[in-house]
Amino acid sequence: MDIATVIGIVLGTVMIVGSIISGKGTIMAFYNTPSILLVIGGSFAALLISYPMSELSRVLSVTMKVFVNKQKDILAIINQLVSLSESARRDGLLALEGRIEEIDDPFLVMGIRMAVDGMSPEIVDAIMRTEMEAVETRHDVGKTFYESFAKSAPAFGMVGTLVGLVIMLGDMKPENIGPGMAVALLTTFYGAIAANFLLLPMADKLAYYNSRELLCMEIMVRGVIGIQTGENSRILKQKLMTFIPPKLRPEEEDQV
Amino acid sequence: MDIATVIGIVLGTVMIVGSIISGKGTIMAFYNTPSILLVIGGSFAALLISYPMSELSRVLSVTMKVFVNKQKDILAIINQLVSLSESARRDGLLALEGRIEEIDDPFLVMGIRMAVDGMSPEIVDAIMRTEMEAVETRHDVGKTFYESFAKSAPAFGMVGTLVGLVIMLGDMKPENIGPGMAVALLTTFYGAIAANFLLLPMADKLAYYNSRELLCMEIMVRGVIGIQTGENSRILKQKLMTFIPPKLRPEEEDQV
Amino acid sequence: MDIATVIGIVLGTVMIVGSIISGKGTIMAFYNTPSILLVIGGSFAALLISYPMSELSRVLSVTMKVFVNKQKDILAIINQLVSLSESARRDGLLALEGRIEEIDDPFLVMGIRMAVDGMSPEIVDAIMRTEMEAVETRHDVGKTFYESFAKSAPAFGMVGTLVGLVIMLGDMKPENIGPGMAVALLTTFYGAIAANFLLLPMADKLAYYNSRELLCMEIMVRGVIGIQTGENSRILKQKLMTFIPPKLRPEEEDQV
Amino acid sequence: MDIATVIGIVLGTVMIVGSIISGKGTIMAFYNTPSILLVIGGSFAALLISYPMSELSRVLSVTMKVFVNKQKDILAIINQLVSLSESARRDGLLALEGRIEEIDDPFLVMGIRMAVDGMSPEIVDAIMRTEMEAVETRHDVGKTFYESFAKSAPAFGMVGTLVGLVIMLGDMKPENIGPGMAVALLTTFYGAIAANFLLLPMADKLAYYNSRELLCMEIMVRGVIGIQTGENSRILKQKLMTFIPPKLRPEEEDQV
Amino acid sequence: MDIATVIGIVLGTVMIVGSIISGKGTIMAFYNTPSILLVIGGSFAALLISYPMSELSRVLSVTMKVFVNKQKDILAIINQLVSLSESARRDGLLALEGRIEEIDDPFLVMGIRMAVDGMSPEIVDAIMRTEMEAVETRHDVGKTFYESFAKSAPAFGMVGTLVGLVIMLGDMKPENIGPGMAVALLTTFYGAIAANFLLLPMADKLAYYNSRELLCMEIMVRGVIGIQTGENSRILKQKLMTFIPPKLRPEEEDQV
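Those sequence lines, one after another, are chains A, B, C, D and E.
In this text, residue positions in the first sequence follow this note's numbering: the first is 1, and each later residue adds one.
In this text, residue positions in the second sequence follow this note's numbering: the first is 1001, and each later residue adds one.
In this text, residue positions in the third sequence follow this note's numbering: the first is 2001, and each later residue adds one.
In this text, residue positions in the fourth sequence follow this note's numbering: the first is 3001, and each later residue adds one.
In this text, residue positions in the fifth sequence follow this note's numbering: the first is 4001, and each later residue adds one.
It is possible that some hints are incorrect.
[Unchecked claim] The calculated label-pair distances, taken between Cβ atoms and stated as ranges, are:
| id | chain 1 | residue 1 | chain 2 | residue 2 | range |
| --- | --- | --- | --- | --- | --- |
| 1 | E | G4118 | D | N3079 | 22 to 28 Å |
| 2 | E | K4151 | C | E2086 | 55 to 61 Å |
| 3 | B | P1121 | A | I36 | 54 to 60 Å |
| 4 | E | E4136 | B | E1101 | 54 to 60 Å |
Calculated directly from the structure, the hints in this document are not laboratory data.
Note that beta-carbon positions come from the ideal geometry of N, C-alpha and C, so glycine has one too.
Given the sequences, and given the hints that come with them, work out the whole structure.
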């Protein structure tokens, strides 16, 4: 569970509700079913035109997977790679076969297995990087989806407000102008909240998780290639450690 | 037929019409022929200035071709390439000549024919990639066209609203202000809907189909080069499989 | 003459005038000399600050040259290059000297002359590409100019509207508000039309002509280098043909 | 302490307060606790959804470290590198071991230590550049954070204004319209000030400090590699000096 | 002196003043000291937060230097380089030592001096290009500064308008609404003029001068390297001439 997301949603809701109450408004005056339907449903309709079904169905899984995902421990990955490197230098690449089952990450498993199978480092590097690009593309779908959503929502908010204004202006009785405009503005209000409070931040967080997963994969690729080419384990460790902020590095790595 | 597009158009229309009806407006109050003509015709006039005739006539064909296009089956392409690779390794490159007629895709036909003709892999790669760039450029026309359209439509929507406002303000009778502004706002309404509900999403979907077609071509180029250079069929398959999301890979490819 | 541009300007004008008349406005109510002067003159003043005189004087020639320019026939260029390639392979590079006068394009003349002069392909490639970059830079001036113009015009439109509003608000008599605001809005109206109906589309078309001219030059560079390096004429033709959309290729090139 | 920041904050505050007073407004009319809470709290809530907790906690340290940071003296760095280069050329690379403790910068210490340890220049270069990228990424967090904040604040400002308008319009008494709108506009006012006066400028200054730190690191990398490869100390100095504006170079370096 | 800038400023001022007078407004109604102070002072305060003092002090010198700068004569530079090349081919690189004092440009002096000193072409190229990057970075400061200014000015214009509106709305007497809003709109007016008429165009012209200076430096680098590597003077001339538009080339260079 991503704590920050939960706190953010609760805090933002409290702020908005609080500003309504402190302004002596009622929550009910801010609730309007057709406006909500227009902003959400209209945006979703635009997204159906934007993306093929197969992509849309993937968005949900990417969203879930990424929001619940516990972050991988980069230090643990590096330690595992260094340990594998030591085995390989001591007992040869084939010795890694027996250690494959200790590895959790399927991407690292794939890399080590190719190394054990005797493929050349160039091919292993190429295959692993193609896989990385594919993962990046797949995860990008989520980010792009929420960004499109965040562009659509305020646009449909404006459409709804125009609908309200045209109706109100077409039959202008003094007593209707205020409430008519109030309702008309609600769709703009929904569009602004949906985009700025939920959709854009979700796109940002998906981008963050994506970049972090790619960082882990980058470390694994460099590690596997280092193992294959028989690089000195200490140098390999130092190279991989540069991916970690100095403060989080274990004590012996205190040069920077 | 692209189901998502159809559902999206129907759903969005329902949402907009629904919001008009639930607001106690009449559909007729939202219909205004000159406003529609100004938004569509004015934008189209701007597009005529933006693009030469030859490009515009291509937009229709790109649009149709891409919207009706059934998506190519990437897995089938990979399997065909692997099978061709096995033939070539067993019986030599010339043996592929007899298999050319089983291939549907003209781009792959071109590649295999060049390989059979004995051109060097560098030249085959160069020619196929130039073709890819040309396809990308041609398809891009559609996307760019709809994006220009989507920028023009709201601009002419605003022009129409300004026309309406200037007329209304120039002869301001209290009873005319409301209906005058209502009509003036309609062009903004049309521009907003055209851009956000139809044109931008169509540009997005064209971009998606374009990227997918290029992905298929990329796989074909790598496959043909792999066949020409006599790469091991199993390694070729593994390389090409990385372009497919893990879940969609056949069982034996379960490492990632 | 660029037909699409003419049709576009006529069509757009009809649409705007039509929307004024159908709204029961008079054309005269939309004509205001000081507003037009402010939008055009103000934007031009900003452009004088943006660009040095020498660049501005070039804009007119680029604009004219490009709008009247009849498009080069790419197929004819390729055929000429292939024919030159055949001469060179049959009779040697020096034989091309006698054929230079059949060539119209000064860029191609320059390339062939350098080849005949015995410069190395690397140098010919470098000189031709520097020339291409220079052409791109010079043509870019036109596009950039119209884009700057298109940004300035609505800005000065807004300045004019602010001027009108401040004057109107400073001396607010009920009977003046409507007409005052109507006149104030006219500069916004002019700015919007200038930018979206004329300037941005002109920038787009200049960009299109520029990209097309560069495509022709790219083909010439590749052709000249192919001729110099004695590439097989059939392969050269196939390479160059990939720059043409399949439908426009002559019959024998029907693979894709 | 960054003087310019302090002067900027004071000057801007004086300007805004001055414009209120000169307009015969009272400061109290511009203070509204719920509006401030909505703009700050709402934006912060959106940021919580955008970034994981671990990144947010780093923002504060980056902000502090960078704002208090006294700028490194580039000339001193170059002189130190040249002096180390002379030692290395005179007494060998190992002689640098004794001089490591005179070096303050941990990044330069790391580089020299690796050189002394006999790692190859390629590896030293790769490790130092990975470290640079990591520093760039870490510092970027601060800039990105303030940019997100600067986008959120006006958005929540608009949300607050919409809340105020809907409440005011829903219960429209003539005597309430003015004060109601005044309060509604305050959140837009807060959002505009927060974004344009504080957040965007802070993002800019963080970006400046980041680029300057990377410049120092670039000089160190080039210096260390020059030392390792035994480059002539005078040429090394000339190369490194190009990073300094001519006016700030010591007298002997007056060619440009 | 840059004539275009002066004419632009005069023309634009005439246009704006003319539109005020033709609208029967008075210039005094458009003059408001606190509004001007808020737009200029507030923007400047934001810039103080954005940039460190050392950068700000450089902006003035870059601005002056560039606006008064007489443009370098590219043809003269090329002729000088070709003449130096002929000397070097005839009498050897060392012969250039005697000609250094005829050279005005310190960047070219630096390059020739390094060539005479016998540095390798790779090192000369690297040092000259580092210098070019440094010049680009320094000049960029000016452009970036004016662009930041141009973003700040309208933002503070809006802040000022909000201040005016809140004050006016908080104490709404019918006779005050018009003049109150007129004054409130003045800051928006100032912000729009400052950004679109002065600051953005100045940023554009600085960018132009920067790109032109870099073009001259590019020609010098290529010339010096050509001289060092003993390239044929005629070919060197032809290469360098491609940087000049065909119409401006001397007669003998009429191929393109």
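Hints, verified against the model:
1. G4118/E / N3079/D: 22 to 28 Å: holds, 25 Å
2. K4151/E / E2086/C: 55 to 61 Å: Given a distance of about 59 Å, which is inside 55 to 61 Å, the answer is holds.
3. P1121/B / I36/A: 54 to 60 Å: 58 Å Cβ-Cβ, so the 54 to 60 Å window holds.
4. E4136/E / E1101/B: 54 to 60 Å: holds, 58 Å
Violated hints: none; the structure is consistent with every hint.
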